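Engineer: Throw the hints in and build the complete structure from the sequences for me.
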Amino acid sequence: MIIVTNVDFIVYTQELVERYSTLFQISADVVASSLENLRGNAVRKLAANRKFKASGVATIRLKLIGKSSGNTRMSKLETGLHINGETLRTKIMEEFRLQGSHDDIRLICHGKLISNGNSLQDQGVRNNSVVMVMVSPEETGETSLQQVESNPVSRTRHAASVLANKKRGGTGPDEDYFFEISDQNGKPLELPVAERKSLVLAMTLHEQGRRIAEKRQYSEALPLLLGADEEFRQCRSEVLNAVDNYAILCLDIVWCYLQLKSIKDLPNAEEMLKKCEACLKKSYGENLERLISLTGSSAKEKVLYVRLNLLQAICAFHKADTTQASQLLDKVEKEINNLKVDDATLSQMISMGFGASESRLALRSCNSDITMAVGYISRKREESKKNKMARKMGKTVNGEWVSVDIYNNLCEMGYPSVSAREALRQTNNDVNSALQILNERPELLQFAAPESSLEISDELIAQVTLMGFDVDVSRSVLKHYGDVTKAIERLLETGGLLPPECQVEDVTVDNVPNEGGPSHAESDSDDSEEVQNALREISPAFQGEGEESHLDLTLEEEACFLCEYRTMIVTRTQLEKQL
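Residue 1 is where the sequence shown starts when you use the numbering used here, and the numbers rise one by one after that.
By construction, these hints were calculated from the structure, which means they are not laboratory data. On a predicted model such as this, the values are computed, not experimentally measured, just so you know. Hints are supplied without guarantee of correctness; some may be wrong.
[To be verified] Here are the simulated lysine-lysine pairs, PhoX-like style, with alpha carbons at most 20 Å apart: (1) K112 x K274; (2) K331 x K274; (3) K340 x K275; (4) K319 x K385; (5) K264 x K112; (6) K385 x K63; (7) K386 x K340; (8) K53 x K63; (9) K380 x K392; (10) K300 x K380; (11) K63 x K112; (12) K261 x K76; (13) K281 x K340; (14) K63 x K264; (15) K274 x K264; (16) K300 x K331; (17) K385 x K302; (18) K300 x K264; (19) K275 x K112; (20) K302 x K274; (21) K76 x K319; (22) K302 x K261.
Structural biologist: Here you go:
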């Protein structure tokens, strides 16, 4: 007996339909429909190949990704590959009847963003390629002109470009950049201007993307992460190997594809994971020995390997390598069990006044020992406090941070804090030389200019705002105290609020007429506004819970994917035995 479908009268034997119906425990009608869908897809792909070969007209499969991973629409578009990205955007907006401007649409193909200017062929788009279409969510309330004119990737790129090679000010060759890039040991990297810019752009886009991904807005995060990947690839391999940022970016990109249920649309997922693994090994050591020598522990970083091995297992599954997938999932399950933090222990830490994130990281580092975890957090907080204080005090003449420990010792000996800091700055943290200047040659100490002659430049304001304070408040406090350190200390005391002694001055700060105002002053003002706008755009990405926020994974989602793919492997194995 045979079953005849109603499409092109294709015939499937009843034996074939019943066999799959029994295996999958679904009705014969569903099996017949599924077989027909497979046949139809194959026929359409063959027809598209013939048409492209004959006329050069390519068929592009479109995948419109909604806000949630389950909200996806599919379509196809026939076009020549000579058109540019902007023309393709126009065609896609017509196809899906999308409203808004071209800047609201981001197109992704083979793991890369499609730009407006270049042709599709030059950007790697081929016949039968899948193009993911990401649409910016509708904004509520008023939207600034800057937001209307550019998408999040463009805004972030512009902001990071403004600050990438801009310096805070100061004297000598070691004046500070807004962004300091350091290796795993905390040593600043000396980079050419172009490479520094690419690295700053990459890290900024990555942080913005991670921040959005943490809110589970994966369709909005992915374009930012792919933009970061483009910038990272402009850097030398030795630079990428000096930091672990690129490894984490590769993980984040593949994770986003998985969350969007589109991991099969990333053809180089396996390659990206290999790069991630190689980069982690160079940063942390083959067996994490380098990491252990630097930090004394490797537990926190092991969560990265959990996610890495999980994604490698999923890629292996989709390549039909169930043996490799099973082995990797076994490894993932073992590590999740080892790194799992008991809810009761975590709750006990939180009840003691510690945050959930720092508690989880501390417990993992201390093998869930509460006493050790409390000591770990205390040391971390003290270390963070020292780092913030060092950055607040600035750098020495040779570019090192002023030593907080020596500074505290000098203050305890009775020397004024400003004098102690300046002495250490001038003597490159040499305590004997600093004491000699303080005792014998105090006139050599160069203090900040008095308030009346201090120029409130954008560099000075940025030094204060980068500590998280409001721009206008920072300007007013600087105007009053005439010194960056004093301004920061006062704002720390007031919790970021404008101190009472500065409020009278604040009324007229922005309205002081520029007597004899030269064009140079106007230029400085314009430059300051651009810098402040750039800081406002990107500062939220760097105001998370800390440098280790990327390590604070609960591993709950990883455990869910582990169960999901274990089930699929078991089902596939059973089917293979019966076929």
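Engineer: Next, verify each hint and record whether it holds.
Structural biologist: Hints, verified against the model:
no.: 1; hint: K112 x K274; verdict: 18 Å, holds
no.: 2; hint: K331 x K274; verdict: 17 Å, holds
no.: 3; hint: K340 x K275; verdict: 27 Å, violated
no.: 4; hint: K319 x K385; verdict: 49 Å, violated
no.: 5; hint: K264 x K112; verdict: 14 Å, holds
no.: 6; hint: K385 x K63; verdict: 48 Å, violated
no.: 7; hint: K386 x K340; verdict: 31 Å, violated
no.: 8; hint: K53 x K63; verdict: 24 Å, violated
no.: 9; hint: K380 x K392; verdict: 18 Å, holds
no.: 10; hint: K300 x K380; verdict: 14 Å, holds
no.: 11; hint: K63 x K112; verdict: 15 Å, holds
no.: 12; hint: K261 x K76; verdict: 19 Å, holds
no.: 13; hint: K281 x K340; verdict: 23 Å, violated
no.: 14; hint: K63 x K264; verdict: 12 Å, holds
no.: 15; hint: K274 x K264; verdict: 17 Å, holds
no.: 16; hint: K300 x K331; verdict: 17 Å, holds
no.: 17; hint: K385 x K302; verdict: 26 Å, violated
no.: 18; hint: K300 x K264; verdict: 30 Å, violated
no.: 19; hint: K275 x K112; verdict: 16 Å, holds
no.: 20; hint: K302 x K274; verdict: 17 Å, holds
no.: 21; hint: K76 x K319; verdict: 25 Å, violated
no.: 22; hint: K302 x K261; verdict: 25 Å, violated
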